[in-house]
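**Q** Based on the provided sequences and hints, a complete structural model is requested.
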Amino acid sequence: MIGTVLAVSYAAAGAMSFGHIYAARRFGSVKPVVWMQLIGAVCVLALPWTPWFWLAALLNAGAAAFNLGTRGNRSSVLTRERTGRRQSPQARVHSFLLRLSPVLWPGAFGRMVDEGLTVLPFTIAAALQLGSVLWYGHVYRKRSLSSQKENRA
Numbered sequence: 001m002i003g004t005v006l007a008v009s010y011a012a013a014g015a016m017s018f019g020h021i022y023a024a025r026r027f028g029s030v031k032p033v034v035w036m037q038l039i040g041a042v043c044v045l046a047l048p049w050t051p052w053f054w055l056a057a058l059l060n061a062g063a064a065a066f067n068l069g070t071r072g073n074r075s076s077v078l079t080r081e082r083t084g085r086r087q088s089p090q091a092r093v094h095s096f097l098l099r100l101s102p103v104l105w106p107g108a109f110g111r112m113v114d115e116g117l118t119v120l121p122f123t124i125a126a127a128l129q130l131g132s133v134l135w136y137g138h139v140y141r142k143r144s145l146s147s148q149k150e151n152r153a
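With our numbering applied, the sequence shown covers 1 to 153.
Mixed in with the good hints there might be a few duds.
So the derived label-pair ranges between C-beta atoms look like this [said to hold, decoys possible]:
no., residue 1, residue 2, range
1, H138, I39, 10 to 20 Å
2, P89, G110, 23 to 33 Å
3, G116, P89, 30 to 40 Å
4, S76, L117, 32 to 42 Å
It is worth saying that the hints were derived from the structure and are not from the lab.
Even glycine gets a Cβ: it sits at the ideal position worked out from N, Cα and C.
**A** Okay, here's the thing in structure tokens:
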């Protein structure tokens, strides 16, 4: 059953990335990432409180879809910024935050769950995600708005 949930989660992430292309064209490249990441963080926060496997499976699929479905656009924004120069400190911090939670999950978070701390790792993961998306929105929204003004001129 867990293998099926993971397969559905990755399929949902792929579908969401296609939906994200449309949203980025309509709303810009930053706003859809922020909203999708916020929804993904809510899914992560709700996971340890679910009493049924099917609901946990839906939340897991939602978290994967909303989180992984934005990776392409986040990478695009980060690489667009680099055009011929070094990565900015803000981009480096954001890149670090994006990679921190997946690195922590199997090691530190897995051990917490083994010790019976079922809510804390999900709370930490959601907090890291919220911090990352708020940072991303703050830094790249300004740049996105200025590039949109340049494109219109």
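**Q** Compare the structure with each hint and give your call.
**A** These are the hints, each one checked on the structure:
no.: 1; hint: H138 to I39: 10 to 20 Å; result: 18 Å, holds
no.: 2; hint: P89 to G110: 23 to 33 Å; result: 31 Å, holds
no.: 3; hint: G116 to P89: 30 to 40 Å; result: 39 Å, holds
no.: 4; hint: S76 to L117: 32 to 42 Å; result: 36 Å, holds
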